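Let the sequences and hints guide you as you build the complete structure.
Quick mapping for you: the protein sequence lines, in order, are chains G and E.
First residue of the first sequence? That's 382 in my numbering, and the numbers climb one at a time after it.
First residue of the second sequence? That's 116 in my numbering, and the numbers climb one at a time after it.
Hints are computed from structural coordinates only; laboratory data are not their basis.
Owing to the predicted nature of the structure, the values given are computational and were not obtained by experimental measurement.
Some hints here could point you the wrong way.
[To be verified] Okay, the calculated beta carbon distance ranges per label pair: (1) Tyr413(G) x Glu270(E): 47 to 55 Å; (2) Arg163(E) x Tyr413(G): 50 to 58 Å; (3) Ile318(E) x Asn493(G): 48 to 56 Å.
[What the hints assert, rightly or not] Take a look, some chain G residues computed to stay more than 10 Å from chain E by CB distance: (4) Leu449; (5) Asn461; (6) Asn523; (7) Ser605; (8) Glu643.
[Said to hold, decoys possible] Straight-line distance between alpha carbons at most 25 Å, and here's what the computed DMTMM-like set of lysine to aspartate or glutamate pairs gives: (9) Lys666(G) x Glu219(E); (10) Lys487(G) x Glu552(G); (11) Lys487(G) x Glu293(E); (12) Lys577(G) x Glu554(G); (13) Lys670(G) x Glu293(E); (14) Lys670(G) x Glu547(G); (15) Lys517(G) x Asp166(E); (16) Lys543(G) x Asp130(E); (17) Lys487(G) x Asp551(G); (18) Lys666(G) x Glu223(E); (19) Lys487(G) x Glu555(G); (20) Lys487(G) x Asp451(G); (21) Lys670(G) x Glu219(E); (22) Lys670(G) x Glu223(E); (23) Lys323(E) x Asp309(E).
Where a beta carbon is used, it is the ideal one built from N, C-alpha and C, also for glycine.
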Amino acid sequence: MYIQNPIHMLWSRAGTAANYVMLGVFSLAALYPLWYVIVSSFSSSRAITAGEVSLWPVEFNAQAYLRLFDDGQLFVAMGNTIVVTLVGTLLNMVLTTLAAYPLSRKRLQGRNFLLMFIIFTMLFTTGIIPNFILVKSLGLMNSYWALWLPALLSTYNMFVMKTFMEGLPDEIEESAAIDGAGDWRILLQIILPLCKPIMAALSLFYAVGWWNSYFNVLLYITQSNLQTLTLKLYQMILQVNQSLLNNGTGSEGVDQIMLTPEGIKAAAIVIAVTPILILYPFLQKHFVKGVLIGSVKG
Amino acid sequence: MKDQRSTFRHRFILDRHLYLMLLPVILFYFVFKYAPMVGEIIAFKDYRLGDGIFGSPWVGFKHFESLFGSIDFWRVLRNTLVLNVYSLVFGFPVPIVLALLLNEVRKEWYKRTVQNLLYLPHFISWVILGGIFIAILSPSTGIVNTVLVNVFGIEPIYFMADSRWWPVAYTVSGIWREAGWGTILYLAAMASIDPQLYEAAKIDGASKLRQMWHITLPGIRSTIAILLVLRMGSMLDVGLEQTLILQNQSVLDVADVISTYVYRVGLQNMSYSYTTALGLFQSLVSFILVVSVNRLTRAFGERGLW
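So this is what it looks like as structure tokens:
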């Protein structure tokens, strides 16, 4: 053991305390904006407009939620988002597996050529317009296939899964092959059960991506009964930007009527974010695992 | 020679199920990755909907010439670079500092709680984060301006509508969403540093700060290098969803970047060929950046991306 100078010790204690406090402040900063919308969604429009809402709901009420539920459109959008997310994730996982498994087999002939063929699409990405023209000419406008098909798999996630599969011991597969199992059987009954952790992580990555995406919906979905939650929110928020622009041009009266009240917007945001918040504690460890596997290059 | 060919065919037949699995995958890459690359040729044509990609007339470099001659092009290129440089300079070190702080926390429950809270914004859509951000910064109702006005007696600041403040708000919102998430790789790298190094340093009387400086930071150097290099490769790529939700007409002079410009002018005004030329320019520069940055990584003795 070594003897520590008491002044040193005092300093290091103070340093530790400062560290804990700082991290606490940072985490509250990460959390506060969310807290703010929750609080706003339960406050009166008057209190929000007057800037009185900060830490607790002012003039507590659930009017915003009631009005959203009355509207009903939000439920349609929520249902659409769920469909887009579930089907999208399922398709992603099927395609990712179909790509990752064969490409993880070193014996596969032409493997290097196929890998180059795929990696090139990571390096040279195409712009918005050619993709848009393609989707349009395939007749996919106003269909969720316009969202799903161009995003059937993410090359990056596919490589994460391929790396994971390469890490599995070869003997398992060999003994199954000797027992007469074909490639499909080996994949479904032997490899996939071993891939559970990475499957969990990747399907969560995909699902959160689908849940959160709005740009592709903005491009390809114009029918209002097909719109998703994020697109609805995008339109609500766009109104604020418009009103910023029109400020002082004398047209406030008109805008006031068209504008979605802050409280309703806050409530819509809360509804959109709740599923993620509920699932979050369960998802978190899978995500971290996924990132770590992804960072180990094969 | 003949022997080789026959073994090739033999093994192809043996592995036919693997190739069968790859069939939809290859089809996907052809249709949705390579076909749009072919579609880029409309940058050299006057694309007309009725004539299609191949029927439209060739015009050579006309669109590139008008692109490089336009003020808009230089404006969006500048904005793209400026916003990227801001995010790099101010955003890149934040997760490293956070990871250093987190690494010193000995109480597991506290560390886990902080981490969970810091990761959270990463999982929330830009639409939602943007909406929250705009609400908080609003000059009339936002909490930030309420504090500024009531506590400091400053005039309310139009953060989202003022060209001087918008880039700040943009950068901060990016840091807010991704900084915590960015700590994961650094923390993993820190966890693999040999604890004996710290023991030795302690016996030599090194303070916590000195240990950070002489052991932790060198220990994660290669992680920092790789992530920095990766980041450099996407200098012409500004997050489309983030920018689109945060920008508005009054700040377009600083907030309009290549991708939002392509979306606005290309799709909403239907100037397909002109904006495809811009997109192609972006793709080419990004391609060159990524490839040369990978060369550079390998030249420095780090493992490259391929």
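Verification of the supplied hints:
1. Tyr413(G) x Glu270(E): 47 to 55 Å: violated (24 Å)
2. Arg163(E) x Tyr413(G): 50 to 58 Å: This hint holds: roughly 52 Å between Cβ atoms.
3. Ile318(E) x Asn493(G): 48 to 56 Å: Between Ile318(E) and Asn493(G), where Cβ atoms are some 51 Å apart, the hint holds.
4. Leu449: holds (15 Å)
5. Asn461: holds (15 Å)
6. Asn523: holds (15 Å)
7. Ser605: holds (17 Å)
8. Glu643: Contrary to the label, Glu643(G) does not stay out of reach of chain E, its closest Cβ about 6 Å off (not over 10 Å).
9. Lys666(G) x Glu219(E): holds (21 Å)
10. Lys487(G) x Glu552(G): Status holds; Cα separation ~14 Å.
11. Lys487(G) x Glu293(E): violated (36 Å)
12. Lys577(G) x Glu554(G): Measuring from Cα to Cα gives roughly 17 Å; hence the hint holds.
13. Lys670(G) x Glu293(E): Since the Cα atoms of Lys670(G) and Glu293(E) sit roughly 17 Å apart, the hinted pair holds (cutoff 25 Å).
14. Lys670(G) x Glu547(G): holds (17 Å)
15. Lys517(G) x Asp166(E): Distance ~14 Å between Lys517(G) and Asp166(E) Cα, so the pair holds.
16. Lys543(G) x Asp130(E): With Cα atoms ~18 Å apart, Lys543(G) and Asp130(E) stay inside 25 Å; holds.
17. Lys487(G) x Asp551(G): Status holds; Cα separation ~10 Å.
18. Lys666(G) x Glu223(E): At roughly 15 Å apart (the allowed maximum being 25 Å), Glu223(E) and Lys666(G) satisfy the hint.
19. Lys487(G) x Glu555(G): holds (13 Å)
20. Lys487(G) x Asp451(G): violated (58 Å)
21. Lys670(G) x Glu219(E): holds (22 Å)
22. Lys670(G) x Glu223(E): holds (18 Å)
23. Lys323(E) x Asp309(E): holds (16 Å)
The structure fails hints 1, 8, 11, 20 (numbered hints given earlier, in ascending order).
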